[in-house]
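S.K.: Here is how the chains run, residue by residue.
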Amino acid sequence: MARMKFLCDAERCIECNGCVTACKNENEVPWGVNRRRVVTINDGVVGAEKSISVACMHCSDAPCMAVCPVDCFYRTDDGVVLHDKDLCIGCGYCFYACPFGAPQFPQAGAFGLRGKMDKCTFCAGGPEADRSDAEFQKYGRNRLAEGKLPACAEMCSTKALLGGDGDVIADIYRDRVVRRGKGSEVWGWGTAYGPGKPGAQPPAQPRTGGRS
Amino acid sequence: MRAFFLALTLFGLAACGESEQVVVYKQGKYQGKPDSRPWDNEPLAQELRGGSWTKGNRESWEESIKARQLAQHEHKRIYQ
Numbered sequence: 001m002a003r004m005k006f007l008c009d010a011e012r013c014i015e016c017n018g019c020v021t022a023c024k025n026e027n028e029v030p031w032g033v034n035r036r037r038v039v040t041i042n043d044g045v046v047g048a049e050k051s052i053s054v055a056c057m058h059c060s061d062a063p064c065m066a067v068c069p070v071d072c073f074y075r076t077d078d079g080v081v082l083h084d085k086d087l088c089i090g091c092g093y094c095f096y097a098c099p100f101g102a103p104q105f106p107q108a109g110a111f112g113l114r115g116k117m118d119k120c121t122f123c124a125g126g127p128e129a130d131r132s133d134a135e136f137q138k139y140g141r142n143r144l145a146e147g148k149l150p151a152c153a154e155m156c157s158t159k160a161l162l163g164g165d166g167d168v169i170a171d172i173y174r175d176r177v178v179r180r181g182k183g184s185e186v187w188g189w190g191t192a193y194g195p196g197k198p199g200a201q202p203p204a205q206p207r208t209g210g211r212s
Numbered sequence: 001m002r003a004f005f006l007a008l009t010l011f012g013l014a015a016c017g018e019s020e021q022v023v024v025y026k027q028g029k030y031q032g033k034p035d036s037r038p039w040d041n042e043p044l045a046q047e048l049r050g051g052s053w054t055k056g057n058r059e060s061w062e063e064s065i066k067a068r069q070l071a072q073h074e075h076k077r078i079y080q
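These protein sequence lines map, in sequence, to chains A and B. Going by the working numbering, the first sequence opens with residue 1, and the numbers climb by one from there. Going by the working numbering, the second sequence opens with residue 1, and the numbers climb by one from there.
So that you can see chain A by itself, here it is in the shape it has in the complex (with noise of 0.2 Å):
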């Protein structure tokens, strides 16, 4: 059983935002909404800064779910944690418990008027008919009943975000860290990516010196 998630791999991203604007145009995910962003950690520490990439991480135990008054979230049986944005009202309590920041509310009315939340729907649409123009106006594309993966992560240049079912990814990551190593030896395009010739075989062991 599928249980899908979201890894970054915060020693690959190199912020470039494409997969906040991937997101932001396959779902026309309207302004001021940001259902993914790019995030800075360690910043200003020279020589510590990372960039992770972050949207709904679909909580196996979500806090959003156990907070809502009208209970209008739902998770798939490939785990993802969606919304039904007829029963949302709003409230914000979801922001507020959510630790990741990913729920979202327009606030494109007068007064400041807080609209019904919205969020990463990991490209899995919403409950209306899927692939359905209701569907895509209210939740964004529905990529998972196209047998494609959220856009975030297939569009991603350096291959730092990853998705799909938690135990594949993790794999790929585990793989990824065994090949390249760690400190130094993370750094350089040959020891991240490979020498991309056709027939080449992949370095038996990590190598000892970082190649830039």
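One should not assume that every hint holds.
[Unchecked claim] Here are a few chain B residues that face chain A, going by a calculated C-beta distance under 10 Å:
1) Arg2
2) Phe4
3) Gly32
4) Pro34
5) Asp35
6) Leu44
7) Gly56
8) Arg58
9) Glu62
10) Gln72
The hints are simulated quantities; they were obtained by calculation from the structure and are not laboratory data. Using N, Cα and C, we set each Cβ at its ideal position, and we do this for glycine too.
Add chain B to chain A, keeping to what the hints say.
M.R.: Chain B in isolation, oriented as in the chain A frame:
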């Protein structure tokens, strides 16, 4: 003429119909619309580059999406 008035009456009475709009909330239980599952859809046409699976078959959809997930592993792609 009679048919016209009958139609007009029916049209007027249609406004009296009222569908239930109030959701009765039960604590801790999702009360919204049911959602369909991704594998219950037909796969996209080949040129749209979606996955290929048998409609309604969860295993085949998971297999298709897993192949797509593994394509994110550039070592697998480079050294094939």
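S.K.: So, for every hint listed, does it hold in this structure?
M.R.: Now for the hints, and whether the structure bears them out:
no. : hint  : verdict
1   : Arg2  : violated, 40 Å
2   : Phe4  : violated, 35 Å
3   : Gly32 : holds, 3 Å
4   : Pro34 : holds, 7 Å
5   : Asp35 : holds, 4 Å
6   : Leu44 : holds, 5 Å
7   : Gly56 : violated, 13 Å
8   : Arg58 : holds, 8 Å
9   : Glu62 : holds, 5 Å
10  : Gln72 : holds, 5 Å
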